[in-house]
Amino acid sequence: MSNHPQPRYDFRTGYPDLSIVPASLTGDIATQTVHSPLGQQYTGDLQGVLHTRIEVARFLSDNCDASVSEAEVMIITGALTGIDILCRTFTQPGDIVLVEDPTFFFAIQILKMSHVQPVGVPVLADGIDLDYLEMLLKKYAGRVRMLYAIPSYQNPTGTCLSLEKRLALIKLAQQYNFIIADDTTYQNLYFEQQPPPILKALDQDSGHNIAIGSFSKLLMPSLRQGWIWATPQQITALKGFKADGGTSGLTSQMVTQYLQSGELNAQIKKVRAFYGNKCRLVGDALAEYMPDSVQWMVPDGGFFIWVTLPETLTANDLRRETLKHGVDFLPGRECSVDLSGEHTLRLCFSMLAEELLPEGIEILGRTVKEMLA
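Every letter in the sequence shown is one number past the one before it in the working numbering, and letter 251, counting from 1, is 251.
Simulated from the structure, these hints should not be mistaken for lab results.
Hints may contain errors.
Said to hold, decoys possible - Calculated lysine-lysine pairs in the DSS-like style (CA-CA distance at most 30 Å, straight line):
{"no.": "1", "residue 1": "Lys139", "residue 2": "Lys112"}
{"no.": "2", "residue 1": "Lys239", "residue 2": "Lys324"}
{"no.": "3", "residue 1": "Lys139", "residue 2": "Lys165"}
{"no.": "4", "residue 1": "Lys369", "residue 2": "Lys324"}
{"no.": "5", "residue 1": "Lys138", "residue 2": "Lys171"}
Computed from a predicted structure; not experimentally measured.
Modelling step: build the complete structure from the supplied sequences, incorporating the hints.
Laid out in C-alpha cells, this is it:
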C-alpha cells in the first residue's frame with residue numbers, strides 16, 4: 001500500500017477529462033435505451049449488434065476516406081480487448097510480436113499473458129525506427145507474426161508517423177508477411193493539422209493491416225465501446241477467439257444512437273480544442289520551469305508528453321521526491337519491454353483540470369532543479 005495520499009497533480013493516469021463528456025445528450029440516450037429491449041437483453045452476436053456495426057462502418061468510411069462495410073467491423077470493449085483478440089487469433093505461444101519501444105504498458109502485459117515474446121523496436125522523433133524493424137524481421141525470420149503500433153500520437157511518446165514511413169511500414173508487412181495491429185485510439189485527437197490516414201485505409205486489400213479503435217476518448221470512457229476493422233475473413237477468425245458472448249447491448253445501442261444523432265463531429269472538434277489547450281499549457285510550463293538539461297517533445301495530438309532527464313537523474317528517484325509534493329507521473333521504464341528508459345517519463349495532461357497543470361509542472365521543475373543541484 002502506498003504511503004502517499006492520492007496525488008493532487010496526477011500526470012500519471014491516462015484517462016480523459018470527464019468535463020468534456022457530452023453528459024446531457026448521453027444521459028437522454030441512456031434513459032431511452034435502458035427502457036428498450038435492445039438495451040436490456042444479451043446481444044448474442046460475437047461480431048456486435050448489426051446496426052452498431054453499420055454506424056461504425058459509416059463513421060470509418062467518413063473519417064478514413066475509405067469504403068467500409070459492416071462485414072469488416074467487429075464491436076469490442078475498447079482497444080485493449082482488440083489487442084488481446086488479435087494476439088490470440090493470429091499468434092501461438094513462443095511467436096515474436098514486435099512492439100514500439102516505449103509503448104502502451106498495458107499492451108506489453110496483454111502480450112505476455114498470451115505467452116508470445118514481445119520484442120521492442122526503438123521509437124525515433126518521427127515514429128518507429130524502420131531500419132531497426134527490418135533488422136529484427138531478418139533476425140527472427142519466420143517467427144514474427146504481428147507488430148503492435150500506435151502510429152498517430154503514440155502512447156507514450158506522442159510521435160506521429162509520416163505518410164512516407166506509413167507506406168514503407170506497409171511494404172515491410174507485405175514483404176515479411178506479418179500483421180500490423182494499428183491502434184488508432186488517438187487518430188482523431190489531433191490539435192491542428194490532421195495526421196496521415198490510418199494504415200488500414202492505406203492498405204485495405206492485403207490483410208496485413210488491422211485497425212483497432214475506441215470511442216472512449218471521444219465520448220465517455222465508461223461506455224467501453226471500440227471496434228476492429230479487418231477483412232471479413234479475418235473477422236470470422238476473430239469471432240472464434242472472442243469469449244465475451246457479445247459486447248454490451250446497452251452501450252452498443254447508446255453509441256449507435258449517438259452516431260445517428262449527427263453530434264459526433266461537433267464533439268470531436270470540442271475534444272481537439274480542449275486537449276490542445278491543455279497540451280499548450282503544459283508545454284509552456286515545461287519551457288518556463290524545466291532546466292535546459294531536460295528535453296521533451298510537445299505533440300500535435302493525443303494525451304502525452306515524453307520527457308528525457310539527464311543521465312544523473314532517474315525517473316524513479318524523481319518520482320519518490322515529487323510524490324512528497326503531490327505530483328505523480330509514469331516512469332518511462334514501465335513502458336519498455338526490457339524496462340529500459342530509466343531516465344525518461346510520461347506526462348499525461350488529459351485528466352487534470354487546466355488550472356492545476358502549470359502548478360504541477362512548476363513543482364516538477366523545481367524538484368528536478370533541486371535534485372540536479
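Quick rundown of the hints versus the structure:
1. Lys139 <-> Lys112: holds (21 Å)
2. Lys239 <-> Lys324: Answer violated: Lys239 to Lys324 is near 48 Å, above 30 Å.
3. Lys139 <-> Lys165: holds (21 Å)
4. Lys369 <-> Lys324: Since the Cα atoms of Lys369 and Lys324 sit roughly 16 Å apart, the hinted pair holds (cutoff 30 Å).
5. Lys138 <-> Lys171: At roughly 15 Å apart (the allowed maximum being 30 Å), Lys171 and Lys138 satisfy the hint.
Checked against the numbered hints above, the structure breaks only hint 2 and satisfies the rest.
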